[in-house]
Amino acid sequence: MIGSLDLTVLQQIWWLLVSVVGALFLFLTFVQGGQSLLWQVAKNDTEKALVINSLGRKWELTFTTLVLFGGALFAAFPKFYATSFGGAYWVWILILFTFIVQAVSYEYRKKPGNFFGAKTYEVFLLINGSVGILLIGAAVGTFFTGSNFILNDYNQVTWTSPLRGLEAAFSVFNLSLGLFLVFNARVLGAMYLINNIDFIGMPEFERRMRRACFINLLCALPFLLYVLVSLLIMKGYGVDENGVISLVAYKYLQNLLAMPYTLGLLLAGLVLVVWGVVLTGLKTGTRGIWFGGLGTVFVGLAVFFLAGYGNTAFYPSKVDLQSSLTIYNASSTHYTLTAMTYVAMVIPFVLAYIAYVWKLMDSKKLDINDISDEKAY
Amino acid sequence: MTAIDLTMVKWAQAQFALTAMYHWLFVPLTLGLSFIVAFMETIYVRTGDERWRAITKFWMTLFGINFAIGIATGIILEFEFGTNWSKYSWMVGDIFGAPLAIEGIVAFFLEATFFAVMFFGWDRVSKGFHLFSTWMVAVGSNLSALWILVANSWMQYPVGMNFNPDSARFEMQNFWEILSSPVVIAKFTHTTVSSFIVASLFVITVASWYLLKGRHVEMAKKSVIIASVFGLLSTGMTALTGDQSAVVNAETQPMKLASYEGLYKGTTNAGIVAIGLLNHDKEPGDNSDPFRFEIKIPGLLSLLAKHDTNAFIPGIEDLLWGNEEQNIMGVDAKMKRGQQAITDLAGYKEAVKNGSSDEAELYLTRFEVNQDYLGYGYLTKPEDVVPPVETTFYSFHIMVILAGFFLLVFLAFLYYSMKDNLEQKKLVLRAGLVSFFLAMIASQAGWIVAEVGRQPWIIQDMMPIHVGASNISAGSVQTTFFMFAITFTLLLLAEITIMVKQIKKGPRGE
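Chains D and C supply the protein sequences, listed in that same order. Numbering-wise, the working numbering puts 55 at position 55 of the first sequence, and it's gapless, one number per residue. Numbering-wise, the working numbering puts 401 at position 401 of the second sequence, and it's gapless, one number per residue.
Everything labelled a hint here was simulated from the structure, so no lab data went into it. The beta carbon of each residue, even a glycine, is placed where N, CA and C say it ideally should be. Honestly, I wouldn't trust all of these hints.
Unchecked claim - Derived SDA-like pairs (lysine to any residue); straight-line CA-CA distance at most 20 Å:
#1 C/K57 - C/K501
#2 D/K365 - C/S126
#3 D/K359 - C/D123
#4 C/K419 - C/F230
#5 C/K57 - D/E374
#6 C/K57 - D/S372
#7 C/K349 - D/M234
#8 C/K10 - C/I486
#9 C/K353 - D/D320
#10 D/K48 - D/I200
#11 D/K375 - C/R51
#12 C/K10 - C/Q478
#13 D/K375 - C/K501
#14 D/K375 - C/L131
#15 C/K127 - D/S363
Unchecked claim - From the derived model, a few chain C residues whose C-beta atoms are all more than 10 Å from chain D:
#16 Q173
#17 K336
#18 E390
#19 F436
#20 M483
Chain C on its own, in the form it takes in the complex (with noise of 0.2 Å):
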C-alpha cells in the first residue's frame, strides 16, 4: 500500500461535500417540479383550458433555469469518484461502476431527450407527445436518482459482493440483492417524496409572494392547489419512508441511529430526544450526561426502529467497548481481526508471488476468518468509528423538525385554499413565503445526516475513508476545491438573480 496522505483526505472529503451539497441544492426541485409541472400539463391537456398552459409554462420556466445548474453541478461527482477516489474505484468499480452507467444509459438520455420536447416542441410536436415528453422528464429524472441513489446505499450497506484476495477488490456476486437491499428501498423512497416536499414548497413560497403582492392571483391559487396536495401527500410517505430509514439503520448502521439520536449507553425502552441541547464535553465513556437539556418521549425509539419497546438500542459506548450481554464485539477487538487480515492478506500475495502454494493456502484460511473485519484494521483508535455526533444529531432534530412544520404549512395551505380565502391569510402566506428556504436546510441537512452519520466509513465497516483516496497532492485537489467552490458560486449567483427576474416577470399570456 501506499502511504496515505491525511491532509489530502481532508480536502478530497470537503471538495465531495462542497460538489455534492451544491448539486442538493438543485436536485430536489428537479425531481419535484418535473412532477407538477406535469400535473399542470395533464390538466391543461384534459381540460384544453389556455390558463393552465400559460401556467404549465410558467414553472417549466423555473424548471429550466434550476436544471441547467444541475446538470453542471452534477458532471462533476461521475468523475470525482475517479479523481480523488482513485483507489476506492478500483477497489469497488465492479460493483459501484453498474449504477452509474446504468444511470446514463436508463435515465440521462430520457431527460435529455425529452427535455428539448418539453422545452421547444410545444408548437413541433402534437399535444399529447409533449405532454408525454414532460412526464419522460419527470420519470427519467427519478431514475437517475434511483440508479445514484443505488451506488450511495451500497456505500451504506455493501451486500451483493465478495472479496477477491487475488485483484484485493470487491467483487459483485448478486446483482439484484444490491439492487433490492433495504437501503436502496428506504433510500430511495424517503429522498424522493422529501424533494416532493422541497419541490411543493418553492411553489408555495413562489405564489406566497404573488399573493401577499396581489400579482398573478388566479395562477398563484390554482399553482397552490397542486402544491399543497402534492406537498401534503408526500409529507406523509416521508414521514412512513423516514421510519423506515430508522429501521434500517438500526439493522445496518447502529452507530449512526445511535449517533443521529445522541443515545451514548444502550437500553431497552429506548426514548426519542424530541428537542434537546447536547452537552459539548461529552466523550464515550466519562458517564457525564450527554444533555444539557433533553425533552424525551420514552420507548418510541425501540417502538419505532424495531417496532417493540422491549427492544434493545445499543448506544455508541456500547457500539465502541462492545457489550457482552447483548453480544456486541468491541471496536478494539475488530480492529486486531482487521490487522490480522491486512497481515494475512499482504501474507498471501507474497506467497503467491513466490510460488508457494501451500503457504499462500495457510494465509487465505485465515484472512477469510478475519476478513469481515478488513476495515477496522486500517483504523487508528477504536474512537475512530464514532462520527460527529453533535453534527448528525442536530442535522436530523433540524429536518424532524422542520417536516413538522411543512405538515402545518401544507394543512394551511390546503384549507384555505378550500375556504377560497388565502390570499387574506396574511400570517399563512409569510410562513409560506420562507418554507422552501426552509424545506432545502431540511433536505441538505437529511444528507449530512445521512453522511456524517456514516464516517469514517467509505464502505461501511469495510473501507475506512483514507484507504479510498488518490495518491495526489493535498495542493492538487485543494486547487480544485476552490476552483469548485468559487465557480459554482458564482453560476449559484447567476441562477438566483435570474430565477428572481423570472418570478418577478410572472407568468406570460394572464
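Isolated chain D, as found in the complex (with noise of 0.2 Å):
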C-alpha cells in the first residue's frame, strides 16, 4: 500500500512527520519556558518545590521528543543530520550538553547528598530553558537563512566557518527566533503551571504567574515582529525542477500565498497563542496551555513547512547554493521511508496513550501534598 506511493510523496509525509514532532517540541518547551521562569515566579521553597514538581512530570516527554526529532531526521533525512550535527558541531554540542544537565537536575536537586547544591541544579534548568532553547531557535532560523557548509561529489560536508555553527547566533533573524521561542516557551510554561498547579491560599504565588504569562508575551512580541517581517521580504532558496537552487526574492512570501494553508496555520496559531495568554494572562482562567500549545504547533507547522515544501531548500548553504539540502536531494531511499512509514503508523497510539495518561494524572492539580510526599523532587 505505502510502498506503491511516489517518492516525491514520501519525502512530504517525513517532512510533514518530522514537523509535526518539531512543532510539538515546541509546544512541549513549556517545560524549558517553566525552568527559565523558576526564579522570578517563586518567591519561597514551597512555590519553587511547585513549579519543579510541575514540570517533573512532563519533563521527559519535552527530552523524549527531543531525541526522536534527531532520529526522524536522521531515518528520514540522512544527509541533513550528517551534514548539519557533522558540520554545526559546536551549536548542537552546546544544545545537547544543556539536555544532558537538565536530565539530572529534577530527580538531584533535593535529594541528601546531591554533591553540588540545590542552586546549582536550578541553574542548570536555567541554563537549559534560556541558552539551550535560545541555541535551537538559532539553528532552525539557519533554515531560512542557510548555514556555511560545501558538500563534495561523495556528500560529505566542508564548514567553511571556524565558529561550526556557533556562527548561526550571530545572525539578527536566528537570533530574534531563538529570543522569541524562549519567550514564547515561557508563557507556555506560566500558562502550564496555572493549569497544573493548585493555587488555593498562595494568590500571591498565582498573580505573579498569570502576570508572567503577559509580560512574556510582550517581550516575545517584538522578536515575533521581526522574524515575520523579515520573512515576508527576505530571498529565500528555491529549487527549479532540475534541483537547481537560486536565491528567490519574497520566497517565503510566495510559499504562504502557494501555500494558503500554511498561513492559515501560522494566523491562527498567533491568535490561539494570544487567546491562550488573554485567557491566563489577563483573565482567570486555566485552560490557556492549551490555546497557547495548539497556537504554538500551528506556528511551528508553518514554519517548518515553509522552510520545506513549496520547492525550498530547508537546509540552505550560503556558501555554495548547489550543496543546499531539500526534502528531495537529502532524504533516505523509497524502500526505507516506505518502512519507516509503516512504524510511524504506530503515531497517533503513543500520542493516545500520553494523552490518555496525562488527563489521568492531572485530573487533580498538583498541590502542597504531593511536594511533601516522598517521591517528590
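Can you join these two chains into the complex? Each is in its own frame, and there are hints to help.
Spelled out as C-alpha cells, the structure:
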C-alpha cells in the first residue's frame, strides 16, 4: 500500500512527520519556559517545589520528543543529519550539553548528598531553559538564513566557518527566532503551571504567574514581529525542477501565498497563542495552555512547512547554493521511507496513550501534599 | 574523498568509548531493576501486603536516581553519530537511522510517559493502572535496548542492504533481514539477560550491606529472594545466549572470536583457554607461543562455536595471511580487490559526470566484482584487521570467570534464604557486598569484547573506522571529549553520593 507511493510523496509525508514532531517539541518547551521562570515566579521553597514538581512530571516528554526529532531526521533525511550535526558541530554540542545537565536536575536537586547543592541544579535548569532554547531557535533560523557548508561529490561536508555552527547565533534573524522561542516557552510555561498547580491559599504566587504569562508575551512580540516581517521580505532558497538552487526574492512570501493552509496555520496559531495569554494573563482562566499549546504547534508547523515545502531548500548553504539540502535530495531511499512510514502508523497510538495518561495524572491539581510526598522532587 | 585526520579519529573513538561506557554504567541497572521493581509491585498488588509496597518504593527510588543519569548520558549517543561520524551517518543513514527513530517512537515514549505514573501516580491512579505503568517502564526500557542493539548488530553484521554506486551509500533492501539477523537475536538476548544479572546483584549488594549491619532485615531478605531467583534464571540464560553469541561470531566475525580466544593458528578440535596469560610480545606469524601460561580444555571451542569437535576454527594468522586448504582469502588479496573497487567507483563517478555511459558501465561491472571487499581498500596494511588481542582476550575471560562467580553467589543466596539463615552467613554476605561492582566490570568487559574485538571496522568488512569520521578538527573533538569526561564524572559522583545516602536512609514505613 505505502510501497506504491511515489518517492516524492513519501518525502513530503516525512517532512510532515518531522514537522509535527518539531512543532510538538516547541509546544513541550513549556517545560524549559517554566524552568527559566523559576526564580521569577517562585519566591520561597514551597513555590519552587510546586513549580519543579509540576514540570518534573513532564520534562521527559519534551526530552524524548527532541531525541525523536533527531532520530526521525536521521532516518528520513540522513544527509541533513550528517551535514548539520557533523558541520554545525558546536551549536549542536552546546544544545545537547544543556539537555544533559537538565536530565539529572529534577531528580537530584533536592536529594541529600547531591554534591553541588540545589542551587546548582536550578542553574542547570535555567541554562537549559534559556541558552538551550535560544540555540535551538538559532539553529532552526538557519533553515531560512542558510549555513556555511560545501558538500563534495561524495556528499561529505566541509564547514567554512571556523565557529562550526555558532555563527548562527550572530544573525539578527536567527537570534530573534531564538529569543522569540525563549519568551514563547516562558509564556507556555506560565500557562501550564497555572493549569497544573492548585494555587489555593497562594494568591500572590498565582498573580505573579499570570503576570509572567502576559509580560513574556510582550517580550516575545518584537522578536516575533522581526521574524515575521523578515520572512515576508527576505530572499529564499528556491529549487527548480532540475534540482538547481537559486536565491528567489520574496520566496517565503510566495510560499505563504502558494500554500494558503500554511498562512492559515500561522495566523490561527498566533491568534490561539494570544487567546491563551488573554485567558491566563488577563483573565482568571486555567485552560490557556491548550490554546497556547495548539497555537504553538500551528506556528511551528507553518515554520517547518515554509522551510521544506514549495520547492524550497530547507537547509540551504550560503557559500555554495548547489550544496543546499532539499527534502528531495537529502532523503532516505524509497524502501527506507516506506518501512518507516509503516512504523509511523503507531504514532497516533503513542499520542493517544500520552494524552490519556496526562489526563489521568493531571485530573487533580498539584498541591502542597504532593510536594511533601517522599517521591517528590 | 577528503583527507582524513587520524588524530581526530582517535579522539572521536575515545569519545565514543567514553560516552558509551559511561552510559553503560547505568543502563544494565535500568533494564533489570525495572523488572525487579515490577515483580515486587506485582506481589504487593496480589497480596495487598503493605510491606511489599514499602519494598517496591524503596527500590523504585534507587531506580529513579539511576534512570536520570542514564538519560543524561544517553542523549549524546543519539547525536554523536552525526557530530563525530558524519560520513558514516550519511553513508548508512538509510539503514542505521531507522532503528534509532523507531527506538524513539516505540520505546522512549513508553518509558517517559509511564515513568511519571510509576513515580507520582501512587495516589492518582488505580492500583492496577499503577502496576501496569511499572510494567510498561520495564517493557519500554528493554524495547529501547532492542532497537539500539539492532543498530549495533547491523554494524557487526551488515545484512539486508546494498551499496549504491551512484550515491556511494549503503541502502536498505530488506528491513526484516536487518531486524531478525542472528546477530540481533544473540546480542539482544545476551545483553538484556546479562543486565538482569547486574541489577539482581545490585539488590543483593545493598541487601547484604543491610544484613551485615542488621538493618532492615526483613526487607533485605525479601528482596534477596526476588533477586536471587531472577539472577539465577538470568545467569542460565546468559550462558546459553553467550554460547549463541560465540556461534554467531564464528560465522560472522571469526577474527573477533580468534582474538578473544587468543587463537593464532587455526585448528580442528580447537580448545578453549580457561585461564591464560598472554605472551605480550607475540606478533602474528612469529611462531612464538601466544601464551606464557594457559589451562586449556581441548576440543571445547570447536564444540561450542561450531557444535562439532572436528570443526576447523580459523586463527588470527589464517584470517590474516589466508589459508588455501580451508578456502580462506588473505587480507592482502582482499585489500587489492578493495583498492580496485575504490578506483573503479571513482572512475564510474567521473564517467557519469562526463556523460560517457559506456565507460561508466564498464567501471560499474568491474566495481561490482570487487565491491564486497570495498572496506579492505581503505586499510594501509593487512595487520590493521587484527584487533587489540590482549584487551579482547582479557576482557572476555574476566567476563566469563565473573559469570561463574555470580552463579555461585545466586545459588548461595537462594540456598541460605530457603534455610532462613542468610544473615548468619557473613562470608556469603561479604561476597554479596562486592558482587555488584564485579558485575559492572563484567558488563563493561562484555562490551569491550564486542566493540574492541571488531576493530578496525565501523561496519564489518565494509568500512574501517577512519572512513566514517566527520571532517572536524581534532581540537574540537578533544575539547568535547574533556567536556563530557568532566561533566559525566561530576554527575557520577553526585549519583553515587545520592545513592549511598538513600541506601543509608533505607525504606520508609518499616
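Comparing the hints with the structure gives:
| no. | hint | verdict |
| --- | --- | --- |
| 1 | C/K57 - C/K501 | holds, 16 Å |
| 2 | D/K365 - C/S126 | holds, 17 Å |
| 3 | D/K359 - C/D123 | holds, 14 Å |
| 4 | C/K419 - C/F230 | holds, 18 Å |
| 5 | C/K57 - D/E374 | holds, 9 Å |
| 6 | C/K57 - D/S372 | holds, 15 Å |
| 7 | C/K349 - D/M234 | violated, 37 Å |
| 8 | C/K10 - C/I486 | holds, 19 Å |
| 9 | C/K353 - D/D320 | holds, 19 Å |
| 10 | D/K48 - D/I200 | holds, 16 Å |
| 11 | D/K375 - C/R51 | holds, 17 Å |
| 12 | C/K10 - C/Q478 | holds, 10 Å |
| 13 | D/K375 - C/K501 | holds, 15 Å |
| 14 | D/K375 - C/L131 | holds, 16 Å |
| 15 | C/K127 - D/S363 | holds, 17 Å |
| 16 | Q173 | violated, 7 Å |
| 17 | K336 | holds, 22 Å |
| 18 | E390 | holds, 33 Å |
| 19 | F436 | holds, 19 Å |
| 20 | M483 | violated, 7 Å |
Of the numbered hints given earlier, the model fails hints 7, 16, 20; all others are met.
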